[in-house]
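Enquirer: Residues per chain are reported as follows:
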Amino acid sequence: MRQVVSPLDYSAWGARLGLLLVGLIAFLIAVNLGALQIHHSDWLQVFNPQNAYEGASYVLWNIRIPRALLAIMVGAALGVAGALAQSLFRNPLADPGLLGVSAGASCSVAIGIVMFDGFRFIPAEELRIWAIPFFAFLGAIAVCFCLDYVARVVSPGSIAGLLLTGIALNALAGAVIGLCTYLANDEQLRSFTFWSLGSLASARWMMVGVLFGALAIGWVWIRTLLQDLNALTLGENIANHLGVDVSHLRTKVIVLVATLSGLAVAWCGMIGFIGLMAPNLVRICLGSDQKRAVPYSAGVGAILLLIADTIARTIAIPAEVPVGIFTALMGGPLFLILLRQYRSRLD
Amino acid sequence: MKLQLHHASLQLGKKLFGPFDFTIKSGERIAILGKSGAGKSTIIRLIAREYQLKSGLILINGTSMDRYSSAQLSQIRGVLPQNTQIAFGLVTDLVIELGRVTAPNKVNQETIVMQAAQMACAEHLLGRTFNTLSGGEQARIHLARVFAQLWDANHGLMLVDEPVAALDPGLQYQLLDTIDRFARERNHAVLAVLHDINHALDFDRLLLVEQGRITLDCPADHHALEDLERLYGIRLEHLYDSQGDSVLVQVR
Chain Z
0 MRQVVSPLDY SAWGARLGLL LVGLIAFLIA VNLGALQIHH SDWLQVFNPQ
50 NAYEGASYVL WNIRIPRALL AIMVGAALGV AGALAQSLFR NPLADPGLLG
100 VSAGASCSVA IGIVMFDGFR FIPAEELRIW AIPFFAFLGA IAVCFCLDYV
150 ARVVSPGSIA GLLLTGIALN ALAGAVIGLC TYLANDEQLR SFTFWSLGSL
200 ASARWMMVGV LFGALAIGWV WIRTLLQDLN ALTLGENIAN HLGVDVSHLR
250 TKVIVLVATL SGLAVAWCGM IGFIGLMAPN LVRICLGSDQ KRAVPYSAGV
300 GAILLLIADT IARTIAIPAE VPVGIFTALM GGPLFLILLR QYRSRLD
Chain F
0 MKLQLHHASL QLGKKLFGPF DFTIKSGERI AILGKSGAGK STIIRLIARE
50 YQLKSGLILI NGTSMDRYSS AQLSQIRGVL PQNTQIAFGL VTDLVIELGR
100 VTAPNKVNQE TIVMQAAQMA CAEHLLGRTF NTLSGGEQAR IHLARVFAQL
150 WDANHGLMLV DEPVAALDPG LQYQLLDTID RFARERNHAV LAVLHDINHA
200 LDFDRLLLVE QGRITLDCPA DHHALEDLER LYGIRLEHLY DSQGDSVLVQ
250 VR
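Chains as they are written, first to last, in numbering that gives the first Met the number 0: chain Z, 0 to 346; chain F, 0 to 251.
Among the hints, erroneous ones may be present.
[Claimed, not checked] One side only, chain F facing chain Z, incomplete, derived with CB under 7 Å:
#1 Glu-49
#2 Gln-51
#3 Ser-69
#4 Ala-70
#5 Ser-73
#6 Val-78
#7 Gln-81
#8 Ile-85
#9 Ala-86
#10 Gly-88
#11 Leu-89
#12 Leu-93
#13 Leu-97
#14 Val-100
#15 Cys-120
[To be verified] Simulated crosslink set (SDA-like; lysine to any residue; CA at most 25 Å straight-line):
#16 Lys-24/F with Thr-214/F
#17 Lys-290/Z with Glu-122/F
#18 Lys-290/Z with Glu-109/F
#19 Lys-24/F with Asn-153/F
#20 Lys-290/Z with Gly-126/F
#21 Lys-1/F with Thr-214/F
#22 Lys-105/F with Pro-332/Z
#23 Lys-251/Z with Tyr-67/F
#24 Lys-251/Z with Ala-70/F
#25 Lys-1/F with His-237/F
#26 Lys-251/Z with His-6/F
#27 Lys-290/Z with Thr-223/Z
#28 Lys-290/Z with Asn-107/F
Bear in mind the hints are in silico, worked out from the structure with no lab data behind them. The beta carbon of each residue, even a glycine, is placed where N, CA and C say it ideally should be.
Please build the complete structure, drawing on both the sequences and the hints.
Expert: In structure tokens, the structure reads:
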């Protein structure tokens, strides 16, 4: 029997190294740019107990670095959520924002803030910070199950049906959010608007830690599903013939997509198009094998959001432009290109 | 492997299929014939567990098929579907490798992929993107995928839905012979939907399907001639070629 030896995969190592290098450079640029000049010595000031919390060193370690890391984590979460949603719905145009998952999360947060009066019933401030992620998750998962039902029962296999459902859910969520803002009192309105305008400005080390933990745990789970997701690419029936339990796989992926996009939305509001851009860029460059597409989507999503956020906060110093503007500026044209490429499959 | 259908029936919309009653034993090769829309593919898909039974039973080795997990079934049963679209552009090697996604034995994967591709006359297609292939080439990759799935199984079952419909005549016989050889080497049973009567006569048994029911279950020989004429509403003539093999031709 002839033994087939696979050659060392240089392209995979090249992609990995390249991504790491680009990420590192983007990170260094991000933390050095800003209203306040950072000197090399400020990096080490944090280890000096006398003036650890002063001046440039404070800005660096408690504002710039957490913010850059949060951008990386949120971008990675959105990239993975997008890649998973696309493979679940077997549709390169699926994106948590486009499908209404983010809007569902946002809508649920609005209801929570208005109905529970800014979560005032939770006594401790440290616990209150968790109320928004929890509500975001509830909204995201509700929309995910709704989309899943539509994708299987109402209009099976139809890309147009799925995207139209996304539009309908977005409109519905928008209406409920509108109703909530109408009913809200001044303080609630401020609280919700502050959140939904969304930026990475409120970054804290705690948020970075939570998202990192969620991504790490998620990744351990996701990597066991990747080959099954490849099988799902062949179609639901074929995946079943090949021994994949499709309904279980579906539930797992929905929970993952909802958790990741819920967490991403939770602390920094709606950031669109990263979940669409990252996986599709990866697919164009490296092919559609999910074993590659999902992890690289995390890396590319992280870098894209880091770059977008760096531009957003430095282009008009001292003012800050919402980061969503730059992700949409990059994502909108890409979406149109994809639409053109896949137009034959839109019916 | 023994597959039994007991009064298995199915409802799709208002249309009723069945009840079907037949048994398939290891190594048997059965061809399903019938006009389009008669329910040939439906039988395949029913046994592939794509539909829920309305009533009756499907037994595999005496146990109801519902009691098997997808993974257990995939060890003994492969399905070659009619035509399918792949959502993303996967490399053909990966498509074939996916035949072994739930295989308990993961050693020699690449060798199996290679040999399955060779057997399905698709080795020259390795390394290409599935979506860029023609219909006939895609069918060969799917066939290689089914081969990879049942590569180290014995006494299994292959369900094939018009395996050669998209291929040119030369390749049709080549691939049918390949399916035949693959199945014989492993004592797999083959249940195939076919269009060409002469292809079907190379099998062991014929199932004739009309309006959602099996109207005849007979050995695949020329005694079925009259029933085939009635089934398709045509006249058939029995001729011998220069080698002395018999062929059926349609006469006007």
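Enquirer: Next step is simple, just say for each hint if it's right about the structure.
Expert: Going down the list of hints, with the structure as the test:
| no. | hint | in the structure |
| --- | --- | --- |
| 1 | Glu-49 | 5 Å, holds |
| 2 | Gln-51 | 13 Å, violated |
| 3 | Ser-69 | 5 Å, holds |
| 4 | Ala-70 | 4 Å, holds |
| 5 | Ser-73 | 3 Å, holds |
| 6 | Val-78 | 4 Å, holds |
| 7 | Gln-81 | 11 Å, violated |
| 8 | Ile-85 | 6 Å, holds |
| 9 | Ala-86 | 4 Å, holds |
| 10 | Gly-88 | 5 Å, holds |
| 11 | Leu-89 | 6 Å, holds |
| 12 | Leu-93 | 6 Å, holds |
| 13 | Leu-97 | 5 Å, holds |
| 14 | Val-100 | 5 Å, holds |
| 15 | Cys-120 | 18 Å, violated |
| 16 | Lys-24/F with Thr-214/F | 20 Å, holds |
| 17 | Lys-290/Z with Glu-122/F | 23 Å, holds |
| 18 | Lys-290/Z with Glu-109/F | 17 Å, holds |
| 19 | Lys-24/F with Asn-153/F | 13 Å, holds |
| 20 | Lys-290/Z with Gly-126/F | 17 Å, holds |
| 21 | Lys-1/F with Thr-214/F | 22 Å, holds |
| 22 | Lys-105/F with Pro-332/Z | 43 Å, violated |
| 23 | Lys-251/Z with Tyr-67/F | 21 Å, holds |
| 24 | Lys-251/Z with Ala-70/F | 17 Å, holds |
| 25 | Lys-1/F with His-237/F | 34 Å, violated |
| 26 | Lys-251/Z with His-6/F | 36 Å, violated |
| 27 | Lys-290/Z with Thr-223/Z | 10 Å, holds |
| 28 | Lys-290/Z with Asn-107/F | 20 Å, holds |
Hint compliance for this structure: hints 2, 7, 15, 22, 25, 26 are not met, and every other hint is.
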